[in-house]
Amino acid sequence: MVKCGLRMTPMPFQTEHAQAHDLASARELLRRLALPDHGVAEQFGHYLVVRDASRLVGVCGVEVCGDDGLLRSVAVDPDYRGEGIGALLVAGAQDLARRLKLEALYLLTTTADAYFRRHGFQDFAREKAPAAVRSSWEFSSGCPASSAFMRWPARAQAGRG
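In this text, residue positions in the sequence shown follow our numbering: the first is 1, and each later residue adds one.
Incorrect hints may have been included.
Subject to a maximum C-alpha distance of 20 Å in a straight line, what follows is the list of computed EDC-like cross-link-like pairs (lysine to aspartate or glutamate) [what the hints assert, rightly or not]:
no. : residue 1 : residue 2
1   : Lys128    : Glu103
2   : Lys101    : Asp67
3   : Lys101    : Asp79
4   : Lys128    : Asp37
These are computed hints drawn from the structure, not numbers from a lab.
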């Protein structure tokens, strides 16, 4: 429960697989945070959400690009920041990448590279990106060339939890 921007009682949060009925709320959250929602509907089967009761307060997705994945749309409602929801979403996406047997999980960010380093992502040369990742909308036109490009080796993490 949120009142005046603060949660009244602590609740343990957990990730859930996004359902079709979550799409509108997820896109609305992304738009509020000025994050791109291009392609979200097409990849929504690989999205995760976090709720506070029935309210969607966090979302992220894995866009499958051949043998690799692209971490997309990590977003947390501003009223819920600092509660570990982003970390839950990133860990959930990493687990999903392992279950999908992806080689690596990549991401592009203009603001959160330090945050993602804390979650095991490493800077990676854009010119070394796999062809399927390079051909994604986010890589080719959705994010500026100045964006940090990062990689997390999902295959090397298989068996870890």
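Here is how each hint holds up against the structure:
| no. | hint | verdict |
| --- | --- | --- |
| 1 | Lys128 / Glu103 | 14 Å, holds |
| 2 | Lys101 / Asp67 | 8 Å, holds |
| 3 | Lys101 / Asp79 | 34 Å, violated |
| 4 | Lys128 / Asp37 | 25 Å, violated |
Against the hints set out earlier in the document, violations occur for numbers 3 and 4.
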